[in-house]
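Protein chains in written order, with our numbering: chain A, 1 to 149; chain B, 1 to 149; chain C, 1 to 149; chain D, 1 to 149.
Simulated from the structure, these hints should not be mistaken for laboratory data.
All of these numbers come straight from a predicted model, not from anything done at the bench.
Every clue listed holds true.
Identical chains share a label here; the pair holds if one copy fits it or two copies do between them.
Computed list of lysine to any residue pairs in SDA-like fashion (alpha-carbon distance at most 20 Å, straight line):
(1) Lys-96 <-> Asp-47
(2) Lys-96 <-> Glu-142
(3) Lys-96 <-> Asp-124
(4) Lys-96 <-> Ser-41
(5) Lys-96 <-> Leu-83
(6) Lys-96 <-> Gln-51
(7) Lys-96 <-> Pro-46
(8) Lys-96 <-> Asn-45
(9) Lys-96 <-> Val-107
(10) Lys-96 <-> Gln-127
Number of protein chains: 4
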Amino acid sequence: MSLATYGDYAARTRESFARQPAMRAMGISIDDVAPGEVWLSMPFNPDFTQQHGFMHAGTIVSGLDTAAGFAAFTLMPEEAGVLTVELKTALMRPGKGQRFNFHARVVKPGRTILFTEAVAMAIDAGQEHEIARLSATMMAVEGRADIRG
Amino acid sequence: MSLATYGDYAARTRESFARQPAMRAMGISIDDVAPGEVWLSMPFNPDFTQQHGFMHAGTIVSGLDTAAGFAAFTLMPEEAGVLTVELKTALMRPGKGQRFNFHARVVKPGRTILFTEAVAMAIDAGQEHEIARLSATMMAVEGRADIRG
Amino acid sequence: MSLATYGDYAARTRESFARQPAMRAMGISIDDVAPGEVWLSMPFNPDFTQQHGFMHAGTIVSGLDTAAGFAAFTLMPEEAGVLTVELKTALMRPGKGQRFNFHARVVKPGRTILFTEAVAMAIDAGQEHEIARLSATMMAVEGRADIRG
Amino acid sequence: MSLATYGDYAARTRESFARQPAMRAMGISIDDVAPGEVWLSMPFNPDFTQQHGFMHAGTIVSGLDTAAGFAAFTLMPEEAGVLTVELKTALMRPGKGQRFNFHARVVKPGRTILFTEAVAMAIDAGQEHEIARLSATMMAVEGRADIRG
Numbered sequence: 001m002s003l004a005t006y007g008d009y010a011a012r013t014r015e016s017f018a019r020q021p022a023m024r025a026m027g028i029s030i031d032d033v034a035p036g037e038v039w040l041s042m043p044f045n046p047d048f049t050q051q052h053g054f055m056h057a058g059t060i061v062s063g064l065d066t067a068a069g070f071a072a073f074t075l076m077p078e079e080a081g082v083l084t085v086e087l088k089t090a091l092m093r094p095g096k097g098q099r100f101n102f103h104a105r106v107v108k109p110g111r112t113i114l115f116t117e118a119v120a121m122a123i124d125a126g127q128e129h130e131i132a133r134l135s136a137t138m139m140a141v142e143g144r145a146d147i148r149g
Numbered sequence: 001m002s003l004a005t006y007g008d009y010a011a012r013t014r015e016s017f018a019r020q021p022a023m024r025a026m027g028i029s030i031d032d033v034a035p036g037e038v039w040l041s042m043p044f045n046p047d048f049t050q051q052h053g054f055m056h057a058g059t060i061v062s063g064l065d066t067a068a069g070f071a072a073f074t075l076m077p078e079e080a081g082v083l084t085v086e087l088k089t090a091l092m093r094p095g096k097g098q099r100f101n102f103h104a105r106v107v108k109p110g111r112t113i114l115f116t117e118a119v120a121m122a123i124d125a126g127q128e129h130e131i132a133r134l135s136a137t138m139m140a141v142e143g144r145a146d147i148r149g
Numbered sequence: 001m002s003l004a005t006y007g008d009y010a011a012r013t014r015e016s017f018a019r020q021p022a023m024r025a026m027g028i029s030i031d032d033v034a035p036g037e038v039w040l041s042m043p044f045n046p047d048f049t050q051q052h053g054f055m056h057a058g059t060i061v062s063g064l065d066t067a068a069g070f071a072a073f074t075l076m077p078e079e080a081g082v083l084t085v086e087l088k089t090a091l092m093r094p095g096k097g098q099r100f101n102f103h104a105r106v107v108k109p110g111r112t113i114l115f116t117e118a119v120a121m122a123i124d125a126g127q128e129h130e131i132a133r134l135s136a137t138m139m140a141v142e143g144r145a146d147i148r149g
Numbered sequence: 001m002s003l004a005t006y007g008d009y010a011a012r013t014r015e016s017f018a019r020q021p022a023m024r025a026m027g028i029s030i031d032d033v034a035p036g037e038v039w040l041s042m043p044f045n046p047d048f049t050q051q052h053g054f055m056h057a058g059t060i061v062s063g064l065d066t067a068a069g070f071a072a073f074t075l076m077p078e079e080a081g082v083l084t085v086e087l088k089t090a091l092m093r094p095g096k097g098q099r100f101n102f103h104a105r106v107v108k109p110g111r112t113i114l115f116t117e118a119v120a121m122a123i124d125a126g127q128e129h130e131i132a133r134l135s136a137t138m139m140a141v142e143g144r145a146d147i148r149g
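Only chain A is shown next, with the shape it has when bound in the complex (with noise of 0.2 Å):
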């Protein structure tokens, strides 16, 4: 599959990944950008667990969504933003663990809508467990074109 990218699309994807508030917060951050990929990662982070002590599934979903995103926005237009339309996760092992990695990809690029996939890997004792699956559909916006709307 060859996947078209516009200009320096790794600088405007780390820098667009880096005006979301929502990452710093979490402490999750950009590892990696290639044409469809990106790679992020965060450390364990007691403030973003649940009642059992791991991960909240809505961090590690926040992390796979946020990864897919940027894959997708890899491979848009200079002026084009993006916007998740769907997200499914399915959660097969707890967030327990003391790195967390996010690796999404493009599975089908289109000019407008995106379908993307993600997995997250849970560091564990040196140990890696994937914990983790997304499916979702990204969404192209170019100016106030949110075709939600």
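With the hints as your guide, set chains B, C and D onto chain A.
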């Protein structure tokens, strides 16, 4: 639909909710509890916005998922815990507003598997808009009985 | 919610439905149409059962998806067609019964993207049970304007 | 990932598949079986098309869901049956082609809950296109032990 509860389910639900640091971090609080139903809300929180200044999709999903998980929890035996097996969220409008309400209910109870749905409303300049809808599968766990194991 | 329609949307919906061989093959018929809503039904059909003798999940999803697609179609301009972008179905009870009803409605209209939900009921020995619930994203296409392209 | 099977899982999977009238009706056959994996295929079938002459989304979902269910079934004990708890399907391209392949695999096994994914490919004029992707939760049932009950 007659929904059986166990003991003081409402107090147990509020106590378990209070043990979720992630809810405190995002400023989400519990407003009301009924058999198979939970209402949460949060004020606009600039720390959890995305790059356009709206609430981050991950935060909206966190509120919806937590409401749905505790809606399921209201119907569980005293020693049980709740885990999300999977969730899907349709993001219909931007997370734009001064306040956000999350209302979840169990659409099909069960001993181990409970099907739930939830709706997120934004209150923006006095007007209420439905911004997202969740469908999620919840699981009751007792002791180490994680049936995903 | 005021839902605008175009021309004789009901006749157009019934005509488009009648051009789906898959509906004839499964014995699914259209019962009623309203702005943003469609009702379908089918009798128990032994040709579309699974290994336990109940209606196959795929057939239940076919009824739900088609109801939701045409619920979206009722709100589209005369020259538009409808495509499913994605769907999620919760299968809450076995597809056991003598008759199955599918009721879908648009939960958020839009020019290009429409969010829909649908419910499948089984009528079994005179009793009605909710067996499945769908959440789906529908897309309006005009000419070759497949925004997934 | 080491995936344990029970007895002659492959023969059991093929026998259970053969007892699904819905598969015969749509012309879907089983091509191959491995631990945690199943391959199905069907020729283009005009009886299961939608109004544009492409395979109906419901039929594509039927193939994906069945492949995923039996991929889970390959890992279950001899007396167990499989039920779909929920499924999500992303429909990325039209169901246009002369032949359709469905490949499913278990992404996280478990005694009661198994997480699965599947991909649908269309072969159109000698070219293979990915047209849909499924993420589904499967459940093992023994006797009357429907944990949705």
